[in-house]
Amino acid sequence: MAVTFNQTGDGKWTLDVRGYSCPHPQMYTKKALQKMAGGDELTLVFDNPSSGESIMAMCDADGNEIVDRIEGGGSFTWTIRKA
Amino acid sequence: MNTTVAARSGPATAWHAGSTKALGLLVAGVLLSIWAVATDARLAYILVYAWFGVGYGLLLQYGRFCMASAVRDLFAVRVPRMAVGMMIAVGLYALVSAVVTLAGFSGFHPNPMGWHVLIGAAIFGFGIVFTGGCASGSLYKAGEGNVGSMLVVVAISFSQAVVVSAGGWLDRLVPASWTASAEAKDMPAELSVTQGWFDQFTAGYVWDLKAATLADRLGAADSPWIAVTVNTLLVAIVPVLVILGLLYWVYFRPGYMRRAKIASPTVGQHLAGLWAMCTASRNTALAGAGLGVLAGAHVWATGAMRARFEVDNFGELLAAMNHQAGLSMQDTVFDPGYWYITTQEAQWGAWVIERLGAPMRDNIFFGLDNGVPSPLLNAPGFMSIGIIAGAAMMALARREFKWKLPNMEAAVFALVGGTLMGIGARVAMGCNIGAFFATVTNGDPSGWVFLLGMALGAFAGVKVFAWWVDWQAARRGDDLAL
Numbered sequence: 001m002a003v004t005f006n007q008t009g010d011g012k013w014t015l016d017v018r019g020y021s022c023p024h025p026q027m028y029t030k031k032a033l034q035k036m037a038g039g040d041e042l043t044l045v046f047d048n049p050s051s052g053e054s055i056m057a058m059c060d061a062d063g064n065e066i067v068d069r070i071e072g073g074g075s076f077t078w079t080i081r082k083a
Numbered sequence: 001m002n003t004t005v006a007a008r009s010g011p012a013t014a015w016h017a018g019s020t021k022a023l024g025l026l027v028a029g030v031l032l033s034i035w036a037v038a039t040d041a042r043l044a045y046i047l048v049y050a051w052f053g054v055g056y057g058l059l060l061q062y063g064r065f066c067m068a069s070a071v072r073d074l075f076a077v078r079v080p081r082m083a084v085g086m087m088i089a090v091g092l093y094a095l096v097s098a099v100v101t102l103a104g105f106s107g108f109h110p111n112p113m114g115w116h117v118l119i120g121a122a123i124f125g126f127g128i129v130f131t132g133g134c135a136s137g138s139l140y141k142a143g144e145g146n147v148g149s150m151l152v153v154v155a156i157s158f159s160q161a162v163v164v165s166a167g168g169w170l171d172r173l174v175p176a177s178w179t180a181s182a183e184a185k186d187m188p189a190e191l192s193v194t195q196g197w198f199d200q201f202t203a204g205y206v207w208d209l210k211a212a213t214l215a216d217r218l219g220a221a222d223s224p225w226i227a228v229t230v231n232t233l234l235v236a237i238v239p240v241l242v243i244l245g246l247l248y249w250v251y252f253r254p255g256y257m258r259r260a261k262i263a264s265p266t267v268g269q270h271l272a273g274l275w276a277m278c279t280a281s282r283n284t285a286l287a288g289a290g291l292g293v294l295a296g297a298h299v300w301a302t303g304a305m306r307a308r309f310e311v312d313n314f315g316e317l318l319a320a321m322n323h324q325a326g327l328s329m330q331d332t333v334f335d336p337g338y339w340y341i342t343t344q345e346a347q348w349g350a351w352v353i354e355r356l357g358a359p360m361r362d363n364i365f366f367g368l369d370n371g372v373p374s375p376l377l378n379a380p381g382f383m384s385i386g387i388i389a390g391a392a393m394m395a396l397a398r399r400e401f402k403w404k405l406p407n408m409e410a411a412v413f414a415l416v417g418g419t420l421m422g423i424g425a426r427v428a429m430g431c432n433i434g435a436f437f438a439t440v441t442n443g444d445p446s447g448w449v450f451l452l453g454m455a456l457g458a459f460a461g462v463k464v465f466a467w468w469v470d471w472q473a474a475r476r477g478d479d480l481a482l
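Keeping their order, the protein sequence lines are chains B and E.
Numbering follows the numbering used here, in which position 73 of the first sequence is assigned residue number 73; successive positions increment by one, without gaps.
Numbering follows the numbering used here, in which position 280 of the second sequence is assigned residue number 280; successive positions increment by one, without gaps.
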């Protein structure tokens, strides 16, 4: 399974890093957010729990907002709105 | 952070299938322990390691506590979360260790200080960027169902076993002074210390270095109270406070002040910011505190077991139980008495290689010091297994357990990174637990050299990793190519 990053609509992006351990998810999330414009939303799918802690701290530091979190079965789907 | 979280997976406290499996694992562990003690009360020695391992695993998974990310995430994504958690753990471990040492239960031995610590730690630090976890981190992630992390453990095990027993062309790289010094040690002939680079490195270089706590180096070891105070304050507490201050100033303060809309902060506001940094990830802070206390208690528990059975090393108990096969020529086995990861995994690798017919005892590491016990009688080995089991229990209970098969890229990273970690750990005489966490908390400053080396290696690793990510994205031509 490879990393996939796609624009799914106007200001909507999806990044799927399932199957990857640290540091892939947080580094790809950082790159994806750099690519996006302010106000855009990223749907991030990952299954490495510890990456979530780093991504949360990253969003906190940069002012990006995690607006939705769906978690269960070892997978995490977060929606992040870029500041 | 203004986070609106939609709870779609049900309350975390509700009973679910994962809770039942976690409880099943716990009950199985308890029943096995009862059976073991009923078979032979001396097996309680192994159980102390095993259950402390379970405790470490529970807390590591709870706090997503991986020391690899302490240095890696600082450089990769400028997140100080784990570095802060690690410092909290170091501070508390040091304080508990001080009490344990004064109570006379510490079996700690300082590591020799030399260039090998820096170089080995740098190799180790480079490797952890690619494996996604340190040695303990890989164990707890294996407990989350991460097969890639299991590959890392396998790579660490075999690479160490091969490194300490390898000869051939590697011997030609050994300085003549090491060979001469090793030869002068008058070691038993069957160890053939002038053959095999690691033997010559150990006997001809490492043994000639000084291993001492700071109090010993300063000549302040006459009074136990003064020695413990010097060691705890100067080797652990002061460096921890300095590093926390630096992490706050460089990584946390700018974002914190921006969010709090403070332009000219007062000292009080800085202290509030420092506290906010330490508590930013509640799970990490709690896990750090718990691990610090648990690691200190572990030293006491093993010390109490040694006093109870009147032994200095588990090898004596194994011999008394008629299990001589895995003992070293000194009738010892690896038995650190505290949280340690890599050496027992090297023994697993060596045990398998021995079963395949290759000799593994003609070297100092296994033959003289650590032995090659069966995995069923490897006491610290059960600590590693305990970490996997404890992490699996916590992950199952939190609905975070998931079997994750690595793709080819992740599998190669796991095997290559794990091999580098194994090589680095042996050159540095331990990993981030044995050569850093256990040392600086017991007055041995060599651990800070290890941390510096690990940070330098991780910095280089992050640069190479970032280049790899960019190259991959450019090759695919997708939107991640920046």
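Worth flagging that the hints you see were computed from the coordinates, not collected in a lab.
From a predicted model like this one, the values you see are computed outputs, not experimental measurements.
Be aware that one or more of the hints could be misleading.
Covered, in the sense of this in silico footprint (three residues per stretch, anywhere, with C-beta under 8 Å from a C-beta of chain E), are these stretches of chain B [stated by the list, open to error]: (1) 2-10; (2) 20-32; (3) 50-60; (4) 65-78.
Cross-link-like lysine-lysine pairs, in silico, DSSO-like; alpha carbons within 27 Å at most [claimed, not checked]: (5) B/K31 / B/K12; (6) B/K35 / B/K12; (7) E/K463 / B/K35; (8) B/K31 / E/K210; (9) B/K31 / E/K185.
Glycine included, C-beta positions come from ideal geometry on N, C-alpha and C.
Hint by hint, here is what the structure shows:
no. : hint           : verdict
1   : 2-10           : holds (count 6)
2   : 20-32          : holds (count 11)
3   : 50-60          : holds (count 9)
4   : 65-78          : holds (count 11)
5   : B/K31 / B/K12  : 15 Å, holds
6   : B/K35 / B/K12  : 12 Å, holds
7   : E/K463 / B/K35 : 20 Å, holds
8   : B/K31 / E/K210 : 46 Å, violated
9   : B/K31 / E/K185 : 55 Å, violated
Checked against the numbered hints listed earlier, the structure breaks hints 8, 9; every other hint is satisfied.
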